[in-house]
Amino acid sequence: MQFTGLPFEQIAQIGGAAAVIITVLYLLKLRKRRVQVPFSPLWGQVLAEYRQQSDWWRRLRRLLSWLLQLLLIALIAFALADPHPEGEITEGRHIVLLIDSSASMASTDVQGGVNRLHVAKQRARQVLETVGAEDRVMLVNFNDQLQPLSPFVAEVSLIEQPLRDIKVVATGTRFDQALRFGADSLKDKKRGELILLSDGAGFSPEELETVDFAETTTVRHIKLGEAGGNVAVTAFSVRRYLANKLDYELFVRVDNLFDRQIDAELQILADGKLVDTKPVKLAPKGSLQQFYPAQAVSGEKLEARVRILTADARDVFPLDDKAYALLPPTRPVKVLLVTPGNLYLEGTLLLNSNIDLDRITPDAYNPGTHGGGNYDVVFVDREIPANLAASGNYVFVSPSGEHSPWEVSTQVADPIITSYKKSHPLMRWIGMRDVNIGVASKLKLGKGDTVVASAFGTPMIVTRDEGTRRMVAIAFDIRNSDLPLRVAFPVLMINLVDYFQLDDSSLIQDFATGETWSVRVNQEEGKAKVTAPSGSTRDVPIYGGQALVYGEEVGFYEIQAGDETQRVAANLSDPNESQIAPSELELPGQDVVEGTNELFFNREELWIWAVLILLALLVLEWWTYNRRITV
Amino acid sequence: MARRDEQFDERFLRKLEYLHIMSKKIAAGQARAQRKTRIVGSGLEFADHRNYSPGDDMRNIDWKVYGRTNKLFLKLFEEEEDLYIYFLLDTSKSMTLGFEPTKWDYAKQCAAALGYIGLSNLDRVSIIPFSSRLDGRMPPTRGKAQIFKIFDFLSSVEPGEQTSLGDAFKTFVAQNKRRGIAVVISDFYDPTGFEKGLNYLRYHKFDPIVLHVFDDRELDPSLHGELQLVDCETGEVREITVTEGILKRYRQVWEKFCDEIDTYCSKRDILYFRVPIQVPFDELVLRVFRAGGFLG
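Taken in sequence, the protein lines are chains Y and R. Reminder that position 84 of the first sequence reads as 84 in our numbering, one-by-one numbering, no gaps. Just add 1000 to the spot in the second sequence (first one is 1) and you have our numbering.
In isolation and in its complexed conformation, chain Y is listed as follows:
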């Protein structure tokens, strides 16, 4: 038996004083109530008969009553000492409840609940119900962000409402962040209990190598979820055609996370109307990519859905069965060609119907009408006007002369392109290795220059970004090469236009939930009003012409800044979250207790029994008194 209540000395003092007082009260002569009766001789006759037999009982009754009072004091003292059986853990715990609310917790592969989060909440409540008076509990909600919902509290009712309010958000999971926070919170605690209520989906042990748990901390993982069956739309985006900047194409990717082939149906909806549906066969753990021309759809708000047709397969994660995209309005690209005459350049640009081309000679160049923001891209072929505008996007072909941004040190004959950056946007879809070039200028590189292609160190294609002026230089005259004869040439021209257009606001931006998006708005400072897909609204700050929006829901958001309202689409876009198969938590150098074994403490609160016995004795005394047995 161990005692965790008041110290013995204090209990002895209280109990002793009470016993003395009770004894003194019993020794004092009882002051009886005086009652008038009409004729006492009748009572005298009764008393004469009873006096003999009641004397001994009266004395015994007083003794028993005194002993009962002492017993009651002893029981109170026992209860105050807060007794517990030997071996029972009585020390208070510090418990950190980490509740995973990431997207995968919306999976429905659970019993006794709506989804994994619902079951997690039930388990958390079970823990709270067994919390003792000495325990302190902290509730933490995490997904790809961390949200402590309470400090360490003794009154668990305070965290019941925050627990109820936790909702699944369409974001990824940052286990490292959550576990590190839990470990730090329990670092200086004598008995720490970190309880992770999560499916463990997307868990990576490598992330947690630096998490340092205290020796007194017990890490426990309550794994939620059973199956991993899922079919997900992992990508849905709109991009411009390479060959037609005015037009777009839709790209859909569907992943099968089953270990077997799945028959499914892929649907495309525009503004809520079904515009395309097709059955697809998804290979085990395979993926399917699908392209749609924009002409196939009419509408702005696009939605891709996948639905399993295989009878015995069940998709337990509905959150990633839909993806959203916006089809933006199109705008032709304005291009100015400044050249004394170059049929290759002009012809290639003219052939592209998405380009609105103007051609002038270098002499006709007027910075007032041709510079600044009048053109999206300006191609300058060989001769560079002296009064070239200081801002704008320029492509210099074989630049030379005193007005060239690049100083030409010498000429290189028959250069062979030996290296180029395949990943550079200018080199997309093309190869430059076997291009034959007659003569090229050796450009002297300046600060901030990036060499995209070179011939034994001599730059052939160079980019420069001066803030207000972005430039690309091709160091050779294309007429003095076989480049125009190659299929790569029109692609290169498109890439050149694309290079400057990538930052254009008219381009389609992909947004992923769980991130803070920078959405360009026509307002420098202030606030923008964001309406989420669920209809909830909130204000977000605008810095430097960009509204900062944190998105937790998939779907279409409306962002209103001033008079302008623009719409963006957000998707889960996290293949890790679509990998909903639950996994166990493995921590380097740290034991992890799985499940709820020994979690729910069954504490023997013996003081309650003492109080119950006390109450029973009081009831017994009351009953015997009222039944006139002990009166």
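Derived by calculation from the structure, the hints in this document are not laboratory data. Predicted model, so just to flag it, every value in this text is computed and none were measured. One or more of the hints may lead you astray.
[Claimed, not checked] Cross-link-like lysine to aspartate or glutamate pairs, in silico, EDC-like; alpha carbons within 16 Å at most:
(1) R:Lys-1248 x Y:Glu-49
(2) R:Lys-1256 x Y:Glu-49
(3) Y:Lys-301 x Y:Glu-249
(4) Y:Lys-32 x R:Glu-1239
Assemble chain R onto chain Y, guided by the hints.
Structure of chain R alone, referenced to chain Y:
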């Protein structure tokens, strides 16, 4: 004059009138002096013979007896006269103890009701309150109109002290030479015993009628636990622990006490009525009449 009690109001008076009519139905009588006394005199009803003495009225000699026996015997007749009814009302403290209405209130109502019927029959009604002595006296009076005098007298009577039937009735018989009915209304809580007082009445040729009033609540007192019982009349204190068993025994003792009074009265041909005050007084009055005790 003391203020009349509220219990003697118009309603009470109407009830008395009703009782008077009911009493007539029970025992229809003559216009006046309806009751016979044991006084032998000039009445019409033959009572007895006695030897002739010189100076006796010759008209009363029974000549038929003389013809048979040659001795002169005088015929004696019961003399018809007014009946005296004395209401001996217990005013001791025990009569006033307890919840309203008390035995004292009830006793006054009974005395007034029976007195009214007596007055209505042209009997002479007198009320004598007593405790250990006689606490005043309303002289014999006759006629229905005197009922208000009775009301006023009863209203003016103050409760007395300790009960002593013997002492009080000894004084009573000494002061009242005219015999009659003595209606004793009391709870008979007399430490010295009730027999002595009633014997005084009997020995002095009064016809006692005993109305033993009690309160049902006395039999079931709400007493529990350690108590000091104080006699309301004597002040005697008894310490007691009241239990369910004690209360049961108390009720038995009380029953025995009442039975003793009943037995005493039965043996001596005294009309005895044991009446809880919870019974309406008019019912008691009718019971008295049905028993015939009030008809002489």
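Hints, verified against the model:
1. R:Lys-1248 x Y:Glu-49: holds (13 Å)
2. R:Lys-1256 x Y:Glu-49: At roughly 15 Å apart (the allowed maximum being 16 Å), Glu-49 (chain Y) and Lys-1256 (chain R) satisfy the hint.
3. Y:Lys-301 x Y:Glu-249: holds (14 Å)
4. Y:Lys-32 x R:Glu-1239: Holds: Lys-32 (chain Y) and Glu-1239 (chain R) sit about 8 Å apart, inside 16 Å.
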